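Undergrad: This is what each chain is made of:
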Amino acid sequence: MPSEVYIDNIFVGYVDNPKQFVAKIKEDRRKGKIPSFINVMYDEDTNTVKIFTHKGRIQRPLIVVKNGKPLLTEKHIEKLKKGETKWSDLEKKGIIEWLDPAEEENIYVALTPEEVTKEHTHMEISPLVIFGILTSLVPFSNHNQSARLNRGMRTQKQAHAVYALNFWTRFDSDISIAYYPQEPIVRTFSHEIFKHEDAIGQNVIVAVMTQEGYSMEDAIILNRASIERGLFRSVYFRPYEIEELKYPGGLQDEIKIPDPDVVHYKGKYRYRHLDDDGIVYPEAEMEGGDVLVGRVSPPRFIGITSETFATGLIKKDTSLTVRSEEKGIVDAVVVTESGEGNKLIKIRLRDLRIPELGDKFSVRHGQKGVIGMILDPSDMPWTASGVVPDVLFSPFGIPSRKTVGYILEVLGGKIGALAGRYIDGTPWYGENEFDLRNELLRLGFREDGTETMYNPLTGEEFKVKIFIGSMYYLRLKYMAANKLHARARGPVTLLTKQPTEGKAREGGLRYGEMENQVLAGHGASLLLRETFSSDDTIVYVCDRCGGLAVEDDIRNSVYCPVCGETERISKVKTSYAFKLFLQELISLGVWPKLKTKFKFED
Amino acid sequence: MDLPKKILEELEEKTKDFPEDVKQKIYEEVKKRYEKALADVGEPVGLVSTQSLTEPATQMILRSFHFIGMSELQLSLGLPRFIEIADGRKKIKEKYMVIRLKDEYKQNKEVAYQVARKLKEIKLFDVVKEIQTDIINKTLKIIFNLEELRDLDLSVEKVTDILKKKLKKMKIIEAGEDYITLKAAREDMSMKEFYQYKEKIKSLHIAEIKGIRDVLVKMENGEFVIYTYGSNLKEVMKIPEVDYTKVYSNDIHEVAKVLGIEAAREVIVREILNILEKQGLDVDVRHVLLLADVLTWYGEYLGVTRYGLQAEKGSALARAAFETPIKHLIVAAMLGENDDMKTAIENVMTNQPIPYGTGLFKVFYVEDPKKEKQER
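For the protein sequence lines, the chains are A and S, in the order given.
Note that the first sequence covers residues 1 to 602 in this note's numbering.
Note that the second sequence covers residues 1 to 376 in this note's numbering.
This is chain A alone, in the form it adopts within the complex:
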């Protein structure tokens, strides 16, 4: 029975001998008669031949195996090393070919040359190809649980580093640049490829121990002296942008120092850093709320508010201010033009970020944690040779996470630091534990990497030996300084008059349903009332009909709009949300009535 042939899922014809047909295509492709991006498969279940040529398929290279022997031989490898042959030459010769998921269905791949049998059709170039770029940067990753490897891979993307060498000409948001990025001592094959682009952290001396319980919940303890010498120091950039907008009707914004009589004028102090053109000068030290660029906008709705009616056209101050609770030094000011031809000003604020309590750190094995304590060097434990560690890492993080790679990296880092060389931590092919231990022994240390250490509080020797070595730590982009937030009074939402939510809107911290029940459970009734009084209002309630009464500000009178009652009206203090709720019910056609009585009567 002839089989159907499809090219890119479009039927083109029949072929009598599909297996021969497919083999012929493959043969031609290897000879270079057909482009290498074409893949072909024979599906025995449906008796169809499928040829794929379209875009968007993922291909991967494999070494072709013929008659139980890989076509790539020692000769080729030697030539490659000398630079006489190139990858593309191997492709042309048909030694290496690119397969897509469809063609992979029909092949049998050996992992290593030793595994190859007559049945195999292809061989893996290296087992390491299962790793992506970031995962391949994790040393000793074959000793880690896969979930941890995933996390470790992801943390590398969040590390402080030098992300681009032209960073000072760029206006990227939420960017940190490390002061002293270092290459890792313990590295993998990928680091050889990336050369010096992989400096995303610093090599620190880490002791795996606790101190005074400050390493609770994965927190790490840092040495203050190390920080003062510049460990993990970085600079944080925050770009700001403002445009001189044009409005219909010939009105437009004005970039200048606003006059004191505009609406929302922020006070003279806030404009102190502005030059005469209304733009801040470089290297000015800014606080949260300070004006970066002064801008005056025309009133949005002319003649609606009584104020504008009385005083004529009052302009609005729509200046660009530094975000509340942030600070920084003006790093760069750029005056340019936007796409619509408006004047556009971009400002970048720079802020020095020295590690502080709550900043997040991680290693490449997914062992992340925040700084729990910064200890003076006198309060840090020291070794017999006088080494004071930079970081104390809690040993309780290791057993349940099963990150054995962490331990091996500390061990390798120690040898690298002592012997002055890089350690190869490539998974499966790197230096093995046994050799590392022996080398450490030759260097004059205990082979298991532990050392005698002394208790800083008493000066006594610890009863146990402490595991200490060098480790590559990353400082992650999550910093306590960016999260800090508090509020006493501040903006409220228009609809409910309740405090706004979120740090960016200077919002309140919610006293939630469960907290409410705690107070209720203690019977602290009045405290509860007070806590929830953020939107307290006084409403007038008509005693006769129970509806909400109206206060007339101009005539200074209170009356009920339903029954016209002006005498028997009570003042009730309730939440604005409840008043809104009653009015929403009224708008639905439901008439809620309130029955009032004197507070102190029963």
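Note that these hints are calculated values from the structure, not bench results.
Everything numeric in this text was worked out from a predicted model, so none of it was measured.
A virtual CB, placed ideally from N, CA and C, is assigned to each residue, including glycine.
There may be inaccurate statements among the hints.
Stated by the list, open to error - Ranges between beta-carbon positions, derived for each pair:
#, chain 1, residue 1, chain 2, residue 2, range
1, A, Ile538, S, Glu323, 45 to 55 Å
2, A, Arg154, S, Ile83, 26 to 36 Å
3, S, Pro325, A, Tyr511, 15 to 25 Å
4, S, Gly42, A, Ile538, 24 to 34 Å
5, A, Thr566, S, Ile330, 28 to 38 Å
6, A, Tyr511, S, Asp21, 52 to 62 Å
7, S, Glu35, A, Glu515, 28 to 38 Å
8, S, Asn274, A, Ser324, 23 to 33 Å
9, S, Gly260, A, Gly564, 50 to 60 Å
10, A, Arg154, S, Gln132, 38 to 48 Å
11, A, Ala480, S, Glu35, 49 to 59 Å
12, S, Asn274, A, Lys597, 42 to 52 Å
To be verified - Just some of the chain A residues that point at chain S, by a computed CB distance under 8 Å:
#, residue
13, Ser525
14, Arg529
15, Phe532
16, Ser533
17, Ser575
18, Phe578
19, Leu580
Start from chain A and add chain S according to the hints.
TA: Chain S alone, transformed into the frame defined by chain A:
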């Protein structure tokens, strides 16, 4: 106020060797302590109970992460079961019964196994070898497994009789030695209906007790106890060898139906205490008792859902605050409901002091209330 009977008895037992005046003194002291331990007026006992039960519940969720891979801890007995009880679910995941035998049969292994055999439900599917479907004539040919029938003390005739009684949409047109043929009673029976009915016939109850899936006989404290999966309290209690005073089922709705609401309350208490004990949590029994009371005090077993207990709340605002607010507001508006503002929810909503604890009291000294009112 008098001391509870149990405490009095214990006191009597422990102080029987003391002289009368010392006895009196101890009694006074115990009474003082007892009254001190009572809940204060205005104490929100319900809230405290809720917190005392739900806080360990959150711990159970958090802890389950650390128990992954540990076989001793059955999670189905933990929080999911707790939620089932509190929600008053009708379909529960694992129904079971504990059946004890009458005193005279307690040690008798044979009787125990005999009773156990009588319990497990036999469905038609269990005794059938094959069901042949004829789509054109709309007939079903059921071929019986004779060996299976013999083992279960049944025969083709018996099963045919049962089928005659129970089948409504089909009738028996032919009966052979080991098979019967069924035909649709109505000619216009649709194909879909036919297939659905076929599936229904498969799980038709033939013999023994309906609803009991599996039986296990266990030796416990020197007596034979029968554990079952699935529950059918009414039928099991009818079995003469079974001690009907000691039959236990964890299906609270069924217990409420068969034995009454007080028994259901007792089951709730036992089930919750069992969960807490298995999780190693120490919660005062009075919190559990209060929860059981709340779940059963309407004379029927109602869960804490918007159809159950929440629907029974007096305040429309409180009901609206729980779930489906619009529905409750519409109903309240149509009926013209009156809200007395007596519970915490409405008072928090309107920013008034809640009527518990310090907010319960309204004693306030005003020189002349009327004068005060006028000034206001």
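Undergrad: Each hint should be assessed against the structure and marked as holding or not.
TA: Results for each hint:
no., hint, verdict
1, A:Ile538 <-> S:Glu323: 45 to 55 Å, "violated, 32 Å"
2, A:Arg154 <-> S:Ile83: 26 to 36 Å, "holds, 34 Å"
3, S:Pro325 <-> A:Tyr511: 15 to 25 Å, "holds, 21 Å"
4, S:Gly42 <-> A:Ile538: 24 to 34 Å, "holds, 28 Å"
5, A:Thr566 <-> S:Ile330: 28 to 38 Å, "holds, 33 Å"
6, A:Tyr511 <-> S:Asp21: 52 to 62 Å, "holds, 56 Å"
7, S:Glu35 <-> A:Glu515: 28 to 38 Å, "holds, 32 Å"
8, S:Asn274 <-> A:Ser324: 23 to 33 Å, "violated, 54 Å"
9, S:Gly260 <-> A:Gly564: 50 to 60 Å, "holds, 59 Å"
10, A:Arg154 <-> S:Gln132: 38 to 48 Å, "violated, 59 Å"
11, A:Ala480 <-> S:Glu35: 49 to 59 Å, "holds, 52 Å"
12, S:Asn274 <-> A:Lys597: 42 to 52 Å, "holds, 49 Å"
13, Ser525, "holds, 3 Å"
14, Arg529, "holds, 5 Å"
15, Phe532, "holds, 6 Å"
16, Ser533, "holds, 6 Å"
17, Ser575, "holds, 4 Å"
18, Phe578, "holds, 5 Å"
19, Leu580, "violated, 12 Å"
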